[in-house]
Each structure stands twice: as C-alpha cells, then as structure tokens.
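A.B. asks: Residue-level listing of the chains:
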Amino acid sequence: DAMVIQNPRYQVTQFGKPVTLSCSQTLNHNVMYWYQQKSSQAPKLLFHYYDKDFNNEADTPDNFQSRRPNTSFCFLDIRSPGLGDAAMYLCATSRDLGAGEKLFFGSGTQLSVL
Amino acid sequence: AQSVAQPEDQVNVAEGNPLTVKCTYSVSGNPYLFWYVQYPNRGLQFLLKYITGDNLVKGSYGFEAEFNKSQTSFHLKKPSALVSDSALYFCAVRDPIKANNLFFGTGTRLTVIP
Chain E
1 DAMVIQNPRY QVTQFGKPVT LSCSQTLNHN VMYWYQQKSS QAPKLLFHYY
51 DKDFNNEADT PDNFQSRRPN TSFCFLDIRS PGLGDAAMYL CATSRDLGAG
101 EKLFFGSGTQ LSVL
Chain Z
1001 AQSVAQPEDQ VNVAEGNPLT VKCTYSVSGN PYLFWYVQYP NRGLQFLLKY
1051 ITGDNLVKGS YGFEAEFNKS QTSFHLKKPS ALVSDSALYF CAVRDPIKAN
1101 NLFFGTGTRL TVIP
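Protein chains in written order, with our numbering: chain E, 1 to 114; chain Z, 1001 to 1114.
Okay, chain E solo, but in the shape it has when bound:
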C-alpha cells in the first residue's frame, strides 16, 4: 500500500549519459518535490511542482530537469550526470503548499555514476 513509489531503487549510469528517475503517487496530492541527499548530508530541495506549475530552487544546476505529465507521475531528468551527482534522490508529495503541510516520501533512488 505504498503511497509514493520511486523506481528504480538503485540506478547506475555512466558519466555524461542521461538518466531519468521516476516517481508516482496514489495520494492525489497537488505538490510533488524532488530532493537530493548526499551521504551524511541533509536532503536538499531541487524543485517542486504545484499542479503543473514548476518551481526551481535558485541553486539547482541546469543539468537537472523535471517533468510532471499528470497528477500521479513526476520525473527527474539528469541530462549529463557527473560524479558529483551520485546521491540518493527522494521524491515527496504534499496535499497543498503551506507551512504546516507534512510531506510524504518515497523510498528513494540511489544513483551511482561510473
């Protein structure tokens, strides 16, 4: 009965080879987020969608893009992965935007770059 599902659990790609990570949700939430979490560091917000409106964090590299074709699905595209992009990527949802909203997370995708 997982509510936020990320596939795959582990992803290996080569330096410079585009890669896409997937996230789906069964909660019908308006907001979907992508976080990057490097080893022993805090999760860092890359961007979020409020419905179809895309919101990029100011310090998110251009190498990272996202798509949300419908309410249920959201994708993270890394156009030319570098070694520094190896990390856990977490997808999360919330019902709405608001300071008190809690986030629902997927299990994450661990990305390795060779």
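For the record, the hints were derived by calculation from the structure and aren't laboratory data.
Beta carbons: idealized from backbone N, C-alpha and C, even for Gly.
Among these hints, one or two may not hold up.
To be verified - Example chain Z residues on the side facing chain E (calculated, C-beta under 8 Å, incomplete): (1) F1034; (2) L1044; (3) F1104.
Said to hold, decoys possible - Cut-off 20 Å, straight-line C-alpha distance, at most; resulting in silico cross-link-like pairs (PhoX-like, lysine-lysine): (4) Z/K1058 to E/K102; (5) Z/K1049 to Z/K1077; (6) Z/K1022 to Z/K1077; (7) E/K102 to Z/K1049; (8) Z/K1022 to Z/K1069; (9) Z/K1077 to Z/K1058.
Let chain E serve as the given structure and place chain Z on it in line with the hints.
C.D. replies: Quick look at chain Z alone, frame taken from chain E:
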C-alpha cells in the same frame, strides 16, 4: 536564512531508557518545526510537527517534542526507548514566508541497545 542543526550524528540508548534527540533551528519568522524518521530502505516518515500552541507536541509511536523559543530548540523525546526505534531521525524547519521549502538537518542515527 533558515537552518537546522542536529549536533549529534549518533545517539545510543539502552532499551527502556528515555531518549532525547537534539535539534536547534534558525528562522527569520515564527518557525514551523517537524521531525521525520527514516527506517532502513524506507522513505522519510512524518513523526510530529509544531505550528503554534502548546510547546509540547505529541506524535507517532510515543514520540514527543518540546518547542523552546528562548533556546531555539525542538528536541525529540520518548520516555522509554524500544529496539524498533533504531533509525535515522531528521529535524526540519519551514519558514512560513517561503513555505515551499522544508530545510532538513543532517540527521541523527539512533541506536537502541537491547
């Protein structure tokens, strides 16, 4: 700018003893504070939040947290630790002005020793 500090990377406690996981925050306005837990191979799960009202907040699995404005702290507590509480705990803060971004600490690994 918003930030969260979790001063302890690792906390060990004996089963049945009380536990405390520390968190301090910095935010320009009134803070919205959260605790999340991450079990192995699982996504982050919401435990509890402080928005306003009573400084002592009760959450899931018997956890509670105390908001202390003068010390800018939001420590997580439980009266009697269980082995199953062993996990990675994240404190997070949200600025009500820029509500889209939840700022996480680096996490504290709690180990409950049987």
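A.B. asks: All the hints need checking, so say for each whether the structure fits it.
C.D. replies: Going down the list of hints, with the structure as the test:
1. F1034: Result: holds, 7 Å to nearest chain E Cβ.
2. L1044: holds (4 Å)
3. F1104: holds (4 Å)
4. Z/K1058 to E/K102: Distance ~15 Å between Z/K1058 and E/K102 Cα, so the pair holds.
5. Z/K1049 to Z/K1077: Measuring from Cα to Cα gives roughly 13 Å; hence the hint holds.
6. Z/K1022 to Z/K1077: holds (9 Å)
7. E/K102 to Z/K1049: holds (8 Å)
8. Z/K1022 to Z/K1069: holds (14 Å)
9. Z/K1077 to Z/K1058: holds (10 Å)
Checked against the numbered hints given earlier, this structure breaks none of them.
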